[in-house]
Amino acid sequence: MRRTGPTNVVLRKLIRELRKASSQQGVEIWDYVAEMLERPARRRVAVNLSKINRYASQSEYVVVPGKVLGSGVLEKPVVVAALSFSRKALEKIGSAGGTALSIRELVRLNPHGSNVRVIA
Numbered sequence: 001m002r003r004t005g006p007t008n009v010v011l012r013k014l015i016r017e018l019r020k021a022s023s024q025q026g027v028e029i030w031d032y033v034a035e036m037l038e039r040p041a042r043r044r045v046a047v048n049l050s051k052i053n054r055y056a057s058q059s060e061y062v063v064v065p066g067k068v069l070g071s072g073v074l075e076k077p078v079v080v081a082a083l084s085f086s087r088k089a090l091e092k093i094g095s096a097g098g099t100a101l102s103i104r105e106l107v108r109l110n111p112h113g114s115n116v117r118v119i120a
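Going by our numbering, the sequence shown wraps up at 120, each residue one higher than the last.
Some clues are possibly wrong.
EDC-like cross-link-like pairs, simulated, lysine to aspartate or glutamate; straight-line CA separation at most 16 Å [as the list claims (entries may be wrong)]:
#: 1; residue 1: K13; residue 2: D31
#: 2; residue 1: K67; residue 2: E91
#: 3; residue 1: K76; residue 2: E105
Pairwise CB distance ranges, derived in the manner of DEER restraints [what the hints assert, rightly or not]:
#: 4; residue 1: G26; residue 2: E91; range: 14 to 22 Å
#: 5; residue 1: M1; residue 2: T99; range: 16 to 24 Å
#: 6; residue 1: E28; residue 2: R108; range: 14 to 22 Å
#: 7; residue 1: E28; residue 2: P6; range: 29 to 37 Å
These aren't lab readings, by the way, just hints derived from the structure by calculation. Where a beta carbon is used, it is the ideal one built from N, C-alpha and C, also for glycine.
The whole structure should be built from the sequences, with the hints applied where relevant.
Take a look at the structure:
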């Protein structure tokens, strides 16, 4: 059986943009995020806020190549970029003083990938 990849058109465009940004800027992190997003939906990442709180610091960006879930407490203002967010996760990120972005917005904001941590 031939592997076709994701069928979602928006996700396929995002993967292409990530690969393009990776090759143009010479940064491996966007290529890694694109590789994680190409996985089948059943193997895609789902991360709770408690894990983001444990591993992220205030001065860096956090990328989740999947969905951010609202379980746990976020105690510091963090900029989180993900494919999607649960409603509760958006509320908790906002109440902690953080920002929720799409991955596309983060690539445009920080094309060199400096201070970016991938949490999977």
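Now for the hints, and whether the structure bears them out:
About 14 Å separates the Cα atoms of K13 and D31, which keeps this hinted pair within 16 Å; it holds. Between K67 and E91 the alpha-carbon distance is near 15 Å, which keeps this suggested pair within the 16 Å criterion. Annotation: proposed proximity of K76 to E105 is violated, straight-line Cα distance about 21 Å (limit 16 Å). Here the CB-CB span from G26 to E91 is close to 38 Å, at odds with the stated 14 to 22 Å.
Checking the proposed 16 to 24 Å range against M1 and T99 shows it is violated: the Cβ atoms sit about 41 Å from each other. Range check, E28 to R108: Cβ separation about 18 Å, and the 14 to 22 Å hint holds. For E28 and P6, the Cβ-Cβ distance of about 21 Å falls outside the hinted range of 29 to 37 Å, so the restraint is violated.
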